[in-house]
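Visitor: One-letter residues, chain by chain:
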Amino acid sequence: GDSVTQMEGPVTLSEEAFLTINCTYTATGYPSLFWYVQYPGEGLQLLLKATKADDKGSNKGFEATYRKETTSFHLEKGSVQVSDSAVYFCALRKSRDDKIIFGKGTRLHILP
Amino acid sequence: EPEVTQTPSHQVTQMGQEVILRCVPISNHLYFYWYRQILGQKVEFLVSFYNNEISEKSEIFDDQFSVERPDGSNFTLKIRSTKLEDSAMYFCASSPTSGAPGAQYFGPGTRLLVL
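Taken in sequence, the protein lines are chains A and B.
Going by my numbering, the first residue of the first sequence is number -6, and it counts up by one from there.
Going by my numbering, the first residue of the second sequence is number 964, and it counts up by one from there.
It is possible that part of the hints are untrue.
Claimed, not checked - Chain A is faced by these chain B residues, among others (derived, beta-carbon under 7 angstroms):
hint, residue
1, 1005
2, 1006
3, 1036
None of these hints come from the bench; they were simulated from the model.
Note that the Cβ used here is the ideal one computed from N, Cα and C, for glycine as well.
Using the sequences and the hints, build the whole thing.
Guide: Next up, the structure:
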């Protein structure tokens, strides 16, 4: 079945370090891909999305590019801040009325 | 900016009791969803709802669960007889109908604790 696999956490980095969180997916057809973020004690917020191959989603300094050839959607940020500490979920959706399938989440800790 | 709202934010109940979790989706959205997240685990799909009926449900969504859209704004999840393993964060989500499969917009969640 369709699934999302993302790197295990926790990931601990120093402030201003470069961040990569790997995400790969398995799905038939052409899903849309998402990154959601969950800050401590809060709900799920959409961080960025890409709806077709080679699209780049970006928001708040985070970027991810939809790579169909490698079925990947890795999240990157050039310089992380303490406020980026959260759990990040990679996700996919196959059609406009379909459920979202989430990865297990990657907890990110940024040290000052 | 419109957002999905959920009430209550926290609910504590005794095993075997009924609970109703409430959600107000974004007003022009037509697809509605419930998900749950057991502490420290992944977010799992429960059920989707469109045009006043269930369009898909997961194996988690057994006969103890039901959903309803009692009026034009609310969307509820009922658990008839709660079990300890129902303790989780429950998220409501909604999405519009047009275009490519876009994002779903999530509410802040209801944390349910079954004792």
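Visitor: None of the hints should be skipped; say for each whether it holds.
Guide: A quick look at each hint next to the structure:
1. 1005: OK, holds: residue 1005 of chain B within 7 angstroms of chain A, min 5 angstroms.
2. 1006: With a minimum Cβ separation of about 4 angstroms from chain A (threshold 7 angstroms), the hint on residue 1006 of chain B holds.
3. 1036: With a closest approach of 19 angstroms, the residue 1036 of chain B hint is violated.
Hint 3 from the list above is the single one not met by this structure.
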